[in-house]
Amino acid sequence: MFGEFELWARQRSGSLLRTAFLISGDQQRAEDLLQECLERVAASWEGIRDSPDAYARKVLSRQAARGWRRRRLGEILQADPPSRAISDPSDVVVTRAALAGLLAKLSPRQRAVVVLRFYHDLSEADTASALGCSIGTVKSQTHRALAALRSAASELADPVEETTANA
Amino acid sequence: MPKTTVGRALDALAEQVRDVDYESRIAAASRAAAIHRRTRIGVAPTLATAVVLAFVAAVAVTLGANRGAGSLQPGSDEARQETTLGGLTLRFPASWHAVRPSFNTTGLMVPLGWITNVEPGPQCTGDQSEGTGCHGPVTRLGSGDLQIAVQSEGGNADIPDHIAANSTLAGLSAQRIETTAGCDSSAVSGAEITAVTTSTSVLRLILCFGPDTSEQQSRVRAMLDSASYKGEK
Numbered sequence: 001m002f003g004e005f006e007l008w009a010r011q012r013s014g015s016l017l018r019t020a021f022l023i024s025g026d027q028q029r030a031e032d033l034l035q036e037c038l039e040r041v042a043a044s045w046e047g048i049r050d051s052p053d054a055y056a057r058k059v060l061s062r063q064a065a066r067g068w069r070r071r072r073l074g075e076i077l078q079a080d081p082p083s084r085a086i087s088d089p090s091d092v093v094v095t096r097a098a099l100a101g102l103l104a105k106l107s108p109r110q111r112a113v114v115v116l117r118f119y120h121d122l123s124e125a126d127t128a129s130a131l132g133c134s135i136g137t138v139k140s141q142t143h144r145a146l147a148a149l150r151s152a153a154s155e156l157a158d159p160v161e162e163t164t165a166n167a
Numbered sequence: 001m002p003k004t005t006v007g008r009a010l011d012a013l014a015e016q017v018r019d020v021d022y023e024s025r026i027a028a029a030s031r032a033a034a035i036h037r038r039t040r041i042g043v044a045p046t047l048a049t050a051v052v053l054a055f056v057a058a059v060a061v062t063l064g065a066n067r068g069a070g071s072l073q074p075g076s077d078e079a080r081q082e083t084t085l086g087g088l089t090l091r092f093p094a095s096w097h098a099v100r101p102s103f104n105t106t107g108l109m110v111p112l113g114w115i116t117n118v119e120p121g122p123q124c125t126g127d128q129s130e131g132t133g134c135h136g137p138v139t140r141l142g143s144g145d146l147q148i149a150v151q152s153e154g155g156n157a158d159i160p161d162h163i164a165a166n167s168t169l170a171g172l173s174a175q176r177i178e179t180t181a182g183c184d185s186s187a188v189s190g191a192e193i194t195a196v197t198t199s200t201s202v203l204r205l206i207l208c209f210g211p212d213t214s215e216q217q218s219r220v221r222a223m224l225d226s227a228s229y230k231g232e233k
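Those sequence lines, one after another, are chains Y and P.
For the first sequence, the positions run 1 to 167 when this note's numbering is used.
For the second sequence, the positions run 1 to 233 when this note's numbering is used.
Everything labelled a hint here was simulated from the structure, so no lab data went into it.
A few of these clues could be false.
As the list claims (entries may be wrong) - One-sided and incomplete, this derived list gives chain P residues near chain Y with beta-carbon spacing under 7 Å: (1) V6; (2) A9; (3) L10; (4) V17; (5) D21; (6) S30; (7) A181; (8) V196; (9) R204.
To be verified - For each label pair, taking beta carbons as the anchor points, the in silico distance ranges come out as: (10) P:S218 / Y:E4: 20 to 28 Å; (11) Y:A125 / P:S95: 31 to 39 Å; (12) P:E178 / Y:G14: 45 to 53 Å; (13) Y:G3 / P:G142: 30 to 38 Å; (14) Y:G3 / P:N104: 23 to 31 Å; (15) Y:D53 / P:T139: 19 to 27 Å; (16) Y:L7 / P:E178: 34 to 42 Å.
If you're wondering where the values come from, they're calculated on a predicted model, not measured in any experiment.
Even for Gly, the Cβ is constructed at its ideal location relative to N, Cα and C.
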């Protein structure tokens with residue numbers, strides 16, 4: 001049984017860690033989330049072997065949002081990014097530090113929605129399913145999150161996103 | 001489809017993640033799962049205690065919900081009761097249950113209650129004060145089962161702008177989408193109805209149906225057709 005799980009986990013752990021990092025904003029927290037996620041996937045493997053990616057995203061994004069909320073009650077989240085600019089040759093000129101800071105200001109669910117919608121390119125329905133909320137909530141959270149990001153960094157304005165967010 | 005600007009920015013931010021020793025983590029997860037499987041039988045007494053507690057909680061939740069659920073309406077073909085959630089009054093079969101949330105949430109989306117034809121269960125397995133691990137009173141829909149969640153979302157003038165009205169609910173302009181996205185994976189059909197209540201807020205009904213619910217769906221249609229809205233008190 002665990003042969004299949006291990007094969008899947010070797011292929012997906014890197015991507016899961018990056019997702020956890022984007023949602024939580026913290027390397028250590030992301031590593032903890034990855035471990036938690038892997039253990040839950042392994043424990044449930046018999047029942048979810050047909051769609052482990054969707055289950056893993058669900059576990060990871062919900063756990064990340066919950067953990068983030070708990071931290072926000074008593075701690076001020078400090079992103080710790082380097083100050084160098086993003087090396088992407090595209091028109092994105094916002095720095096990693098700036099983007100990490102902007103993401104940290106979003107609510108946990110907004111951040112998870114942004115990562116699932118725009119990093120994983122999930123549909124609104126799949127994002128709603130992963131987070132256990134309605135499509136309407138995904139739409140409104142996406143709109144608010146993009147508005148907040150753009151108000152702070154006009155470089156992130158992109159007409160494609162309006163269409164995507166409202167689709 | 002090409003990535004959006006935000007998507008490309010997130011890709012670049014994700015490059016910052018330091019890789020870890022994945023092999024040891026995968027092995028640890030495998031070991032933990034194996035231990036979990038071997039010790040399942042050993043936690044039976046704890047599970048039995050949990051079942052008893054869940055039953056007590058379900059009874060308490062049901063009693064609490066029924067106090068605010070309204071009165072029976074004899075005289076029609078089927079005895080009915082009514083409940084008002086967020087100013088929306090719904091009439092439905094007396095044998096169904098109206099359940100109020102037993103937990104707090106810090107989210108912008110606020111659960112107002114649930115209507116279900118299934119005996120309600122506990123709503124939280126985590127911290128009720130944070131709403132952690134909390135959900136509707138029915139987590140698994142069997143044959144003939146349904147659960148309808150009623151939620152409000154407000155405080156932001158942008159929300160109603162996203163409603164492409166294709167229906168009405170209690171005289172309110174509404175958008176209906178056929179989807180099971182907000183339902184447990186056991187749901188085989190569902191819908192999401194978002195009704196605009198003010199210029200800054202909406203009421204949302206998440207309808208989730210298990211298998212073989214054609215008869216129940218006609219009852220739900222009757223409930224929606226007879227819904228009335230008098231605004232938040």
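Quick rundown of the hints versus the structure:
| no. | hint | result |
| --- | --- | --- |
| 1 | V6 | 5 Å, holds |
| 2 | A9 | 5 Å, holds |
| 3 | L10 | 4 Å, holds |
| 4 | V17 | 5 Å, holds |
| 5 | D21 | 10 Å, violated |
| 6 | S30 | 5 Å, holds |
| 7 | A181 | 4 Å, holds |
| 8 | V196 | 11 Å, violated |
| 9 | R204 | 6 Å, holds |
| 10 | P:S218 / Y:E4: 20 to 28 Å | 44 Å, violated |
| 11 | Y:A125 / P:S95: 31 to 39 Å | 32 Å, holds |
| 12 | P:E178 / Y:G14: 45 to 53 Å | 37 Å, violated |
| 13 | Y:G3 / P:G142: 30 to 38 Å | 34 Å, holds |
| 14 | Y:G3 / P:N104: 23 to 31 Å | 44 Å, violated |
| 15 | Y:D53 / P:T139: 19 to 27 Å | 22 Å, holds |
| 16 | Y:L7 / P:E178: 34 to 42 Å | 37 Å, holds |
Comparing the model with each numbered hint stated earlier shows that hints 5, 8, 10, 12 and 14 do not hold.
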